[in-house]
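*Asks:* Those sequence lines, one after another, are chains Y and B. Under the working numbering, read the first sequence as residues 90 to 206, first letter to last. Under the working numbering, read the second sequence as residues -1 to 108, first letter to last.
Some hints here could point you the wrong way.
Here are the computed distance ranges between Cβ atoms for each label pair [said to hold, decoys possible]:
1. Y/202 x B/107: 26 to 36 Å
2. Y/98 x B/51: 16 to 26 Å
3. Y/103 x B/14: 45 to 55 Å
4. Y/92 x B/18: 26 to 36 Å
Since the hints were made in silico from the structure, they are not lab data. Values in this document were obtained by computation on a predicted structure and should not be read as measured data. We put the beta carbon where it would ideally sit given N, CA and C, even for glycine.
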Amino acid sequence: DVKVTQSSRYLVKRTGEKVFLECVQDMDHENMFWYRQDPGLGLRLIYFSYDVKMKEKGDIPEGYSVSREKKERFSLILESASTNQTSMYLCASSSPGTSGKNTGELFFGEGSRLTVL
Amino acid sequence: DQQVKQNSPSLSVQEGRISILNCDYTNSMFDYFLWYKKYPAEGPTFLISISSIKDKNEDGRFTVFLNKSAKHLSLHIVPSQPGDSAVYFCAAGGSYIPTFGRGTSLIVHP
Chain Y
90 DVKVTQSSRY
100 LVKRTGEKVF
110 LECVQDMDHE
120 NMFWYRQDPG
130 LGLRLIYFSY
140 DVKMKEKGDI
150 PEGYSVSREK
160 KERFSLILES
170 ASTNQTSMYL
180 CASSSPGTSG
190 KNTGELFFGE
200 GSRLTVL
Chain B
-1 DQQVKQNSPS
9 LSVQEGRISI
19 LNCDYTNSMF
29 DYFLWYKKYP
39 AEGPTFLISI
49 SSIKDKNEDG
59 RFTVFLNKSA
69 KHLSLHIVPS
79 QPGDSAVYFC
89 AAGGSYIPTF
99 GRGTSLIVHP
């Protein structure tokens, strides 16, 4: 069964702390994504990666960075956490279908609820 | 500007009746459309999709309709069940990165 695992389900951090959110997928997917979900704002793309060591900014990259040193692992880093980064963070992965065509189907992890005090 | 819009933040339906969730998009280059379902404190899960060459796709109680001329798609759930209560996200794309709507919270009352 396909699996995207996020290391922490719930975190509480203080303003200014460095925060690492880890994500691992076991499906050998090329593409990995980090989203945040906020009420009324839906899913907003922070960063994505289409290959090892490759990363691209999404719609809201400010205040975040990412790392992809291995194909199965994609980390989201908050260098200095702020209260407006309190949110649900969702990692996802995807791969082209057997026809080589992207279908848009993403496999999501269970999410990491981050609270910054 | 939002390329995928879900104009109804919430929808309340009686158990056994039909639930209709709507989604509008602006980009005529989108060639795939999907619906995801999300329960609280869980990640979204894929529900059903449709490609731009079709106008209907059915999977059990779930049917997605695509009207390309109106740039509109809808998800029909028949019959609705209390376990269907969740947030539903519409998504669309033409590359490997889908664009998501803001979601519609569906509540199915027993």
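*Asks:* Against this structure, judge whether each hint is valid.
*Replies:* Each hint, compared with the structure:
In this structure the supplied range 26 to 36 Å holds for residue 202 of chain Y paired with residue 107 of chain B, their Cβ-Cβ distance being about 27 Å. For the pair residue 98 of chain Y and residue 51 of chain B, the beta carbons lie near 40 Å from each other, so the given range of 16 to 26 Å is not met. For the hinted restraint 45 to 55 Å between residue 103 of chain Y and residue 14 of chain B, the CB-CB distance of approximately 49 Å keeps it satisfied. Hint check: residue 92 of chain Y to residue 18 of chain B, Cβ distance near 33 Å, so the stated range 26 to 36 Å holds.
In this structure, only the earlier hint numbered 2 is contradicted, and the remaining ones agree with it.
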